[in-house]
Structures are given as structure tokens and as C-alpha cells.
Amino acid sequence: MSGSDVAGQGEFGAEAEVFDSETLGSSEAVRNFFGAAYDGVTRYAELLRDQGELRGLIGPREVPRIWERHILNSAAVAQYLPATGAVADIGSGAGLPGIVIAVMRPDLEVLLVEPMERRTTWLSEVAGELGLTNVQVKRGRAEEYHDAFEVDAVTSRAVAPLSKLARMSLPLVRVGGELVILKGRNVAQEIEPARKVLRKYGAAEPEILEGLTVEGVESTTILRARRSK
Numbered sequence: 001m002s003g004s005d006v007a008g009q010g011e012f013g014a015e016a017e018v019f020d021s022e023t024l025g026s027s028e029a030v031r032n033f034f035g036a037a038y039d040g041v042t043r044y045a046e047l048l049r050d051q052g053e054l055r056g057l058i059g060p061r062e063v064p065r066i067w068e069r070h071i072l073n074s075a076a077v078a079q080y081l082p083a084t085g086a087v088a089d090i091g092s093g094a095g096l097p098g099i100v101i102a103v104m105r106p107d108l109e110v111l112l113v114e115p116m117e118r119r120t121t122w123l124s125e126v127a128g129e130l131g132l133t134n135v136q137v138k139r140g141r142a143e144e145y146h147d148a149f150e151v152d153a154v155t156s157r158a159v160a161p162l163s164k165l166a167r168m169s170l171p172l173v174r175v176g177g178e179l180v181i182l183k184g185r186n187v188a189q190e191i192e193p194a195r196k197v198l199r200k201y202g203a204a205e206p207e208i209l210e211g212l213t214v215e216g217v218e219s220t221t222i223l224r225a226r227r228s229k
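If you count the sequence shown from 1, position 48 lands on 48 in the working numbering, and the numbers rise without skipping.
Do not rely on the hints blindly, as some may be mistaken.
[What the hints assert, rightly or not] The calculated lysine to aspartate or glutamate pairs, modelled on EDC-like cross-linking and capped at a C-alpha distance of 16 Å, are:
id, residue 1, residue 2
1, LYS138, GLU125
2, LYS229, GLU150
3, LYS196, GLU215
4, LYS164, GLU125
5, LYS164, GLU190
6, LYS229, GLU210
7, LYS138, GLU150
8, LYS229, GLU190
9, LYS229, GLU125
10, LYS138, ASP107
11, LYS138, GLU117
[Stated by the list, open to error] Just the calculated beta-carbon pair ranges, DEER-fashion:
id, residue 1, residue 2, range
12, GLY202, SER124, 41 to 47 Å
13, THR121, LYS164, 22 to 28 Å
14, LYS164, GLN79, 36 to 42 Å
15, ASP147, ALA36, 16 to 22 Å
16, VAL63, ARG185, 19 to 25 Å
17, ASP50, GLU215, 25 to 31 Å
18, GLY131, ASN186, 15 to 21 Å
Because the hints were derived from the structure by calculation, they are not lab data. Glycine included, each C-beta is placed from N, C-alpha and C at the ideal position.
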């Protein structure tokens, strides 16, 4: 996954305040949204801003837009994850959404699955810098871990079309667990081509959710599917 990729977002409201990208991260609205996680998320945003482009994690145009395009976009999925247990972020890349989830949800064990060595190095460094004891970094493709572990939820952001993503992800999800992924606005068009794969791995009918964060910031489109067998 390229850090410059971003899950689809939809308008939150026509009358909502429009934030300045440069000041959004320090706004009271963002502070209130993240609460106790604010300092950790802010430090992550700083690391991404200072090193992300240099290390090939985000494109140059993304640097001024880190908060709305990456941090808040990723944070929107946290509310739809299980109360406890383990979550795998596959194709974690720069740590989006996995690092954001780990900071916001210290009650969860977060596995960051990423095949590229330079990215796993970055992820390990960030987890250490932020003191994230609930993070494990695993180098490899998701398919390489199908027989290695099961988790309560798999998440991802801008990794692959749903049909491919289901083949990669659902074998990692325990029965009763969920696929909870950040997708583009047109995700509904991906469901029909993916039905055969979803049925093969026992997934129930997917639902499309709206992930809201801060008023004035576009919502995130999330697809959730429970593995029933």
C-alpha cells in the first residue's frame, strides 16, 4: 500500500466548518475527538510529516494534509473494531490505519502486516518511539500468515479490490470475527464481483458504514463483513 493512497471519503455536511489543513491537528475539535490518545497521535503525525516523504511513505502533496487525509481518515475505523482482542492491519505501509488504531485502542493487540522491509523498519521504529506495547510488526504478505494466526478483525486501507482483499484477509479472521476495511466511495460496486469469494470464506452480507470523526472533515467509507463460518 502506498501512503499516498487514501480510503474514499464523503461529505460530512454542507454547513460544516472547513478547517485549515495546517491548523487542523491543533484544533480543539481534534483534541476532543482523540482525548487521551491525542499526544500519541500527534507525535505520529509529526513523524509522518518529517520522515514520510523522505522514506517513500507518502507523496509530497500529502504532507500538508496529513491530519485529514491520513490520521482522521484512519481514525474513523476505530469505533467499528471489537471491544477487545486482536486486529491485523494488512499492507500496513506507513501504519495507516494500524498505528492510529494502536494509539487510540490500547485495549487491542494490533498486528501490522507488511511485506516491504523498509516499511517494517519504519513501523518498528514508530511503535518504539510511541511506546506501543500492543503492536507486533510482521514482515510478509497476508497470505503467508493464513495458517499462522487468527484475529478478531482484519482492517486495511487502499490495498486491493474487495474480491482480492477477501481472499487475502478472511482466512486470518476467526469465526465470529470481522473484516472492517476502509474503502472508496464506490465500494458498493465491488461487492457483487466479490460475492463468490465472500461466500467461500463464510462471510455474511457486507454492510457499508460511514465513519465520522470531526465535524467539517469528510467522513470515511468503511465496509464491514462478519465471518459466520
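Going through the hints against the structure:
For the hint pairing LYS138 with GLU125, the CA-to-CA distance comes to about 13 Å; that is within 16 Å, so the pair holds. Restraint check: the Cα-Cα separation between LYS229 and GLU150 comes to about 13 Å, which is no more than 16 Å; the hinted pair holds. Under the criterion of a C-alpha separation no larger than 16 Å, the hint pairing LYS196 with GLU215 is inconsistent with the structure, at around 38 Å. With a CA separation close to 30 Å, the supplied pair LYS164 and GLU125 exceeds the 16 Å bound.
With a C-alpha separation of about 10 Å, the suggested pairing of LYS164 with GLU190 holds against the 16 Å cut-off. Pair hint LYS229 plus GLU210 does not hold up; C-alpha atoms about 26 Å apart against a cutoff of 16 Å. For the hint pairing LYS138 with GLU150, the CA-to-CA distance comes to about 14 Å; that is within 16 Å, so the pair holds. Distance hint between LYS229 and GLU190 is unfulfilled; the C-alpha atoms sit about 22 Å from each other, more than 16 Å.
A hinted pair counts as satisfied when its Cα atoms are at most 16 Å apart, and LYS229 with GLU125 does not qualify at roughly 37 Å. A hinted pair counts as satisfied when its Cα atoms are at most 16 Å apart, and LYS138 with ASP107 does not qualify at roughly 20 Å. Between LYS138 and GLU117 the alpha-carbon distance is near 10 Å, which keeps this suggested pair within the 16 Å criterion. As the Cβ distance of GLY202 to SER124 is approximately 33 Å, the hint placing it in 41 to 47 Å is violated.
For THR121 and LYS164, the Cβ-Cβ distance of about 26 Å falls inside the hinted range of 22 to 28 Å, so the restraint holds. Between LYS164 and GLN79 the C-beta distance comes to about 26 Å, which lies outside the given range of 36 to 42 Å. Range check, ASP147 to ALA36: Cβ separation about 37 Å, and the 16 to 22 Å hint is violated. Between VAL63 and ARG185 the C-beta distance comes to about 24 Å, which sits within the given range of 19 to 25 Å.
At roughly 28 Å, the beta-carbon separation of ASP50 and GLU215 lies within the given 25 to 31 Å, and the hint holds. Evaluation of the 15 to 21 Å hint for GLY131 and ASN186 yields a failure: the beta carbon distance comes to about 38 Å.
Checked against the numbered hints above, the structure breaks hints 3, 4, 6, 8, 9, 10, 12, 14, 15, 18 and satisfies the rest.
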